[in-house]
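Asks: All chains should be built: construct the whole structure from the sequences, respecting the hints.
Protein chains in written order, with our numbering: chain B, 2 to 181; chain D, 5 to 90; chain S, 2 to 386; chain F, 35 to 336.
These are computed hints drawn from the structure, not numbers from a lab. Incorrect hints may appear among the rest.
What the hints assert, rightly or not - With a Cα cut of at most 25 Å, we get these calculated SDA-like pairs of lysine to any residue: (1) B:K61 with S:K364; (2) F:K39 with S:A201; (3) B:K3 with S:G355; (4) B:K61 with S:S255; (5) F:K117 with S:A196; (6) B:K57 with S:K236; (7) F:K192 with F:T294; (8) S:K360 with B:D55; (9) B:K58 with S:T182; (10) D:K22 with F:D43; (11) D:K17 with F:R50; (12) S:K361 with B:R10; (13) F:K118 with S:K364; (14) S:K202 with D:D20; (15) B:K61 with S:L369; (16) D:K22 with F:P89; (17) B:K58 with S:A251; (18) D:K22 with F:K40; (19) F:K40 with S:D200; (20) S:K383 with B:L86; (21) B:K61 with S:D49; (22) S:K361 with B:P90; (23) F:K39 with D:C41; (24) S:K202 with D:A8; (25) F:K122 with S:D49; (26) D:K86 with F:E250; (27) D:K22 with F:K117; (28) F:K38 with D:Q45; (29) S:K236 with D:Q45; (30) S:K360 with B:Y66; (31) F:K279 with D:T46.
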Amino acid sequence: MKELRIHGRGGQGSVTAAELIAVAAFEGGVYAQAFPAFGVERRGAPVQAFVRFDNKKIRKRSQVYEPDYIIVQDSTLIKDVNVFLGVKPGGIVIVNTEKKPEFKVPDGVKLITIDATSIALKALGLPITNTTLMGAFAAASGEIQFSALENALKHRFPGELAVKNIAAAKTAYDTVKGAA
Amino acid sequence: MALATGCRARPGKSRDNKTGSWRVFKPVFDHEKCSKCGMCQTLCPEGCVHEDAEGFFNPDYDYCKGCGICAEECPKEAIAMKQEEK
Amino acid sequence: MLEITEGSHAVAEAVRLCRPQVVSAYPITPQTHIVEALADFVANGKLDAEYITVENELSALSACVGASAAGSRAYSATTSQGLMLMAEVVFNAAGMRLPIVMSIANRAMGAPLSIWNDMQDSISLRDAGWLHFYAEDNQEATDLHFLAFKVAEDPSVQLPVFVCFDGFILSHTYEPVDILTQEQADKFLPAFAPAEKLDAKDPISFGMYATPEYYLEFRYETNEAQKRAKDAIVKYGKEFGALFGRDYSAFIESYRLDDAETAIVAMGSMCGTIKDAIDEMRDDGMKVGLLRIRVFRPFPIEEVAKALTHVKRIAVLDKNVSLGSRGGATAIEVRDALYGSTIPVKGYILGLGGRDIRKKDIKEIVSLCEKGIGDQFYGLRKELI
Amino acid sequence: MAEKKKTCDLFDCGHRACGGCGASLAARLVTEAAGPETIVVSSTGCMEVFSTPYPETAWKVPWIHSLFENAAAVASGIDAALKKQGRKEKIVIMAGDGATFDIGMISISGAFERGHDFTYICYDNEAYMNTGIQRSGATPLDASTTTSPAGSQSFGNKRPKKDMPAILAAHGAPYVATASIAYPADLRQKVEKAINTKGPCYVQVHAPCCTGWGFEGEQTIAIAKLAIETGLWPNFEMVDGKVTKVKKVVRKPVTEYLKTQKRFRHLFKPKLQEAEIAAIQAIADRNAEKYGLDIKLPPRKE
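Replies: So this is what it looks like as structure tokens:
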């Protein structure tokens, strides 16, 4: 079983990202489970969402404490929340930042930084980075196929909006693939 | 009688309860004075005053509780309340 | 067809497929997604029902009482405080023998206010006369709605049903669920055709009052209907299995229990985590198994007793507590089922108000149980006490 | 010769109301006016208790009782069900003033706001009679009840009656009326009108309670008439929020009404409470002003 934890702020679409990643993973033939860290957080407050992937039915219901993957939607979270807590050795951390990282990830963990905000602004005209980071996650983790992600986005968003989100995700996907 | 599911019942059984026995005073209808206005029937809370073939009104003593509304409201004073013989 | 969707949405789909004619509900976290989805179905012609936007939960269930008595299949959904506001009608609907089905996205009871999951809400109404089904995952949460209507409406039963699933933990989780087609659903669940209803052609008085000459017998008969519901659950659970491959005729599920020395007894979504923990304990050579209770009312006394006869000790996990007693409702019921047996039964209150339950917690409880320590709250933050 | 129509055809004899009960007369008159194609929803109350001890129901129309506070919500569900099933029966709620003015207020407000098609009849006997004459929001000023007893420090109920018709008219109810068992033809006409008006309608029926108010049963009608004749019970009709019909009277002083009932006896004995009676007279005067109750007599010719 592989586990992903997404850190974001209320309103950034972390829960949607978790759901769509699960949908895309399921399309790829694996069993997936996505759920938010249930809370009463309002816009701007730190939030979490989780995804599990397995090739058999997932029964476990606890939150994710030892993730294989972490997505950080907003690097300002790093000073408030221990976003890297519990990450497994060999795990991958994807952080949205335009700067060089001023933080350190645990040893043996791969760090990928991407300026998702700029990509999202360009593609969507909005600084909403969840779909962009999904592209990055697809490229970095290999847990989901880009085509499945594309389908999930088409299913969730109407017409033009889907096209824009797919474009954002694709840019991030290509960026991460290119850097690898 | 077997219990009905959910404490339900069809009509009819209410008539088993002969409320006439509650009476202390009994209305006695004098058809001589009656103008057949029907006020006694209209205002009877029991619904136990019935019209006969000639258009006169009579109480059903099985149910009449003897409240006296009919006698009180009769415009012709054609109904008298008499003490019930028990 | 297997599809990945949110638990609430899967439940709403199931409800839609059950073709309720009247839906009456009031939004409350974490049930809200269900009623929003149903409102959306009605607004878009996907569900041919009257959706009553009531002013509170008491009226939500009251409207279901009226609709059901008038001969329409009626559905509601709620949780926690909403269920308690309904409480008077909950008893009323069962006593009036109206086969209403209500989804409960289980949530803790205030005070203190908590939107998070435990089972205190529905468990607190265990004596009201409703059947109680508890789902482990969203597949069950979905399927049990079909079974609920079918059992509820059986002429030998005529009782309302709670379909309970853990709020957030199931209601807000995306996972694959096989949702029936309308054709399949119709095959299993025919249209509601009650023998009696409010009807000018056959005027019946519903909800009369019973004097002491009758009341005891009405309560007895409702209890008998609970017992008859067992037969109906077996019959229709099997029928569901034969049609769709998922058999719900069992009131309990045994997981690696056959040769177990320590039995865990639990309900709801924590059972998934428990199963994973058991697999790991088994790998370590520990003889641990699970008895999961799916049907809490009618309580499967004989089945529970039989399934546990061979074990050396029992740990009952409750996401509820009967304050002022020895523990949670499940532990009390299990002790009753095992009355006269010498097998020690230890109760553990855990996960209240959304406290996460992890595999390590299950392992620790098993270890406590082996030491004979129990009948306590588990996982208390010592620094706060 | 065909059998004459009986007045017990829809609300049967054998019910257990007190002799001279105004509410039982209301039940009879309302069902007569509504006709057999009617489903009655009753809240908990004296009427439910005197008419439905299992298995002796007095109701010969389909009837349902659920709880004290939820009749309007139950009726909402029936309305939805009938609509879905394409059925045409009418729905009539029969609820007392406690169920209407007090405990059922939320459910009534919700159901009226949603605009269900039913007629809500409040049989108003101005206190909780089922439980032994406790005050309700419909209890008039200075009435002595078991929870508003007159005593050395009290003249009884401290507040005047809640204006329920105005509240429901404010909900946009298309038809709101008050009626009295003392005027059966008017009552029947109003019930029929309400039933034939689409949407939630309200008829508040004054139904004196001999036991609760303290008078002899044969006086029920006479006392109901006095309530109207003194201006303490304005009998009117409101269509779409506007008063369209009022029963005008040559008003009598309120003492004519008050002195007939034990619940007001403390206003007269051991001594006349002039200030209290004046306050009640002022209520009648305001009613007369608001609804135009007074018949203006032509000036007497010299």
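Asks: Hint by hint, note whether the structure agrees.
Replies: Verification of the supplied hints:
Pair hint B:K61 plus S:K364 holds up; C-alpha atoms about 14 Å apart against a cutoff of 25 Å. With a C-alpha separation of about 19 Å, the suggested pair F:K39 and S:A201 falls inside the 25 Å cut-off, and the hint holds. About 24 Å separates the Cα atoms of B:K3 and S:G355, which keeps this hinted pair within 25 Å; it holds. Distance hint between B:K61 and S:S255 is fulfilled; the C-alpha atoms sit about 17 Å from each other, no more than 25 Å.
About 20 Å separates the Cα atoms of F:K117 and S:A196, which keeps this hinted pair within 25 Å; it holds. Using a Cα cut-off of 25 Å, the hinted pair B:K57 and S:K236 is violated, with the two alpha carbons roughly 30 Å apart. In summary, the hint linking F:K192 to F:T294 is supported, as the alpha carbons are separated by about 20 Å, within the 25 Å threshold. This hinted pair checks out: S:K360 and B:D55 have alpha carbons roughly 17 Å apart, not beyond 25 Å.
With a C-alpha separation of about 22 Å, the suggested pairing of B:K58 with S:T182 holds against the 25 Å cut-off. Of the pairs offered as hints, the one joining D:K22 and F:D43 holds, with about 17 Å between alpha carbons and a cut-off of 25 Å not exceeded. Under the criterion of a C-alpha separation no larger than 25 Å, the hint pairing D:K17 with F:R50 is consistent with the structure, at around 13 Å. Taking the CA atoms of S:K361 and B:R10, the gap is about 29 Å. The hint is violated against a cut of 25 Å.
Between F:K118 and S:K364 the alpha-carbon distance is near 53 Å, which puts this suggested pair outside the 25 Å criterion. With a C-alpha separation of about 23 Å, the suggested pair S:K202 and D:D20 falls inside the 25 Å cut-off, and the hint holds. Proposed proximity of B:K61 and S:L369 is supported: the alpha carbons are some 22 Å apart, at most 25 Å. Taken as a hint, the D:K22 and F:P89 pair is honoured in the structure, with Cα atoms around 15 Å apart against an allowance of 25 Å.
Between B:K58 and S:A251, the direct Cα distance comes to roughly 21 Å. Compliance with the 25 Å bound is thereby established for this hinted pair. Of the pairs offered as hints, the one joining D:K22 and F:K40 holds, with about 17 Å between alpha carbons and a cut-off of 25 Å not exceeded. Between F:K40 and S:D200 the alpha-carbon distance is near 22 Å, which keeps this suggested pair within the 25 Å criterion. Between S:K383 and B:L86, the direct Cα distance comes to roughly 23 Å. Compliance with the 25 Å bound is thereby established for this hinted pair.
At roughly 37 Å between alpha-carbon atoms, B:K61 and S:D49 are farther apart than 25 Å, so this suggested pair is violated. For the given pair, S:K361 sits about 20 Å from B:P90 by alpha-carbon distance, which is consistent with the 25 Å threshold. A distance of roughly 15 Å separates the Cα atoms of F:K39 and D:C41; the hinted pair therefore holds under the 25 Å criterion. Of the pairs offered as hints, the one joining S:K202 and D:A8 holds, with about 19 Å between alpha carbons and a cut-off of 25 Å not exceeded.
Between F:K122 and S:D49 the alpha-carbon distance is near 19 Å, which keeps this suggested pair within the 25 Å criterion. Proposed proximity of D:K86 and F:E250 is supported: the alpha carbons are some 16 Å apart, at most 25 Å. Annotation: proposed proximity of D:K22 to F:K117 is violated, straight-line Cα distance about 39 Å (limit 25 Å). For the hint pairing F:K38 with D:Q45, the CA-to-CA distance comes to about 12 Å; that is within 25 Å, so the pair holds.
Of the supplied pair hints, the one linking S:K236 and D:Q45 is violated, its CA atoms being roughly 57 Å apart against a limit of 25 Å. Proposed proximity of S:K360 and B:Y66 is supported: the alpha carbons are some 11 Å apart, at most 25 Å. For the hint pairing F:K279 with D:T46, the CA-to-CA distance comes to about 23 Å; that is within 25 Å, so the pair holds.
Checked against the numbered hints above, the structure violates hints 6, 12, 13, 21, 27, 29; every other hint is satisfied.
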